Amino acid sequence: MPGDADGRRPHCPYGLVVTSRVHAIHVAPGRRLPTKSVASVEAEAGAGLVGDRYHGSKHRHVTVQALDDLEAAAEVLGRPVDPALTRRNITLDRGPIPTRPGERMRIADVELEVVRIAAPCRLLDDDLGPGAMQALRSPRGGTVFRLLGSGTIRVGDEAVPV
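Here this note's numbering runs 1 ahead of the position in the sequence shown, where the first position is 1.
It is worth saying that the hints were derived from the structure and are not from the lab.
Being a predicted model, the structure only gives us computed values, none of them experimental.
We treat Cβ as the ideally placed atom computed from N, Cα and C, and that holds for glycine.
Check before you lean on any hint, since a few could be wrong.
As the list claims (entries may be wrong) - The following label-pair restraints were derived from C-beta to C-beta distances:
1. Gly150 with Gly52: 35 to 43 Å
2. Val163 with Gly130: 19 to 27 Å
3. Glu159 with Glu45: 28 to 36 Å
4. Ser151 with Arg33: 22 to 30 Å
5. Glu43 with Arg117: 20 to 28 Å
6. Pro81 with Lys37: 29 to 37 Å
7. Ser151 with Glu72: 30 to 38 Å
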């Protein structure tokens, strides 16, 4: 599928941006606790996702990953990668996801700004098996965003680059 000069924002042949949709949402109430799948979550500008362990942190408000990146990691691992076990908050049905600091995207009515590429969590090898942390290194590990806006994010919501 054609994209921008940097190849990271897919476009259809007619110049329209190809959108993604929220496939899954996960929050973890505390450090090292299992993530919980939810149908929707409240996003608070400058604070994060209500109910998640990083809510109230300065910059790590939400992490976003894409299913196609998880499928690529699964090929490397030789086994499926369950989005719930990656410890990322939002899984989109397809990428790419912005990765450069300052880039923005919108999910539903909530605007997000890239802080950095997400480093794989050390718990991945425990939860997904040996090699998972390596398989989910950049560019497959997702992105850390800060929330610039507030609102409700639901499974099925549209996600677009801004």
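For this session: State, for the Cβ atoms of Ser151 and Arg33, whether the hinted interval 22 to 30 Å holds or is violated.
Result: Holds, since Ser151 and Arg33 (Cβ atoms, about 28 Å apart) stay within the stated range.
For this session: Return holds or violated for the Cβ distance of Ser151 and Glu72 against the range 30 to 38 Å.
Result: Holds, since Ser151 and Glu72 (Cβ atoms, about 32 Å apart) stay within the stated range.
For this session: Just tell me: holds or violated, for the beta carbon distance of Pro81 and Lys37 against 29 to 37 Å?
Result: About 20 Å separates the Cβ atoms of Pro81 and Lys37, which means 29 to 37 Å is violated.
Problem set entry | Range agreement (Cβ of Gly52 with Cβ of Gly150, hint 35 to 43 Å) | 18 Å, violated
Problem set entry | Outcome of range test on Cβ distance (Glu43, Arg117; 20 to 28 Å) | This hint holds: roughly 24 Å between Cβ atoms.
Problem set entry | Status of the given 28 to 36 Å range, CB of Glu45 versus CB of Glu159 | 20 Å, violated
Exercise. Is the hinted range of 19 to 27 Å satisfied by the C-beta distance from Val163 to Gly130?
Worked result: Taking Cβ atoms as reference, Val163 and Gly130 lie about 36 Å apart, which means the hint is violated.
Of the numbered hints listed earlier, those contradicted by the structure are 1, 2, 3, 6.
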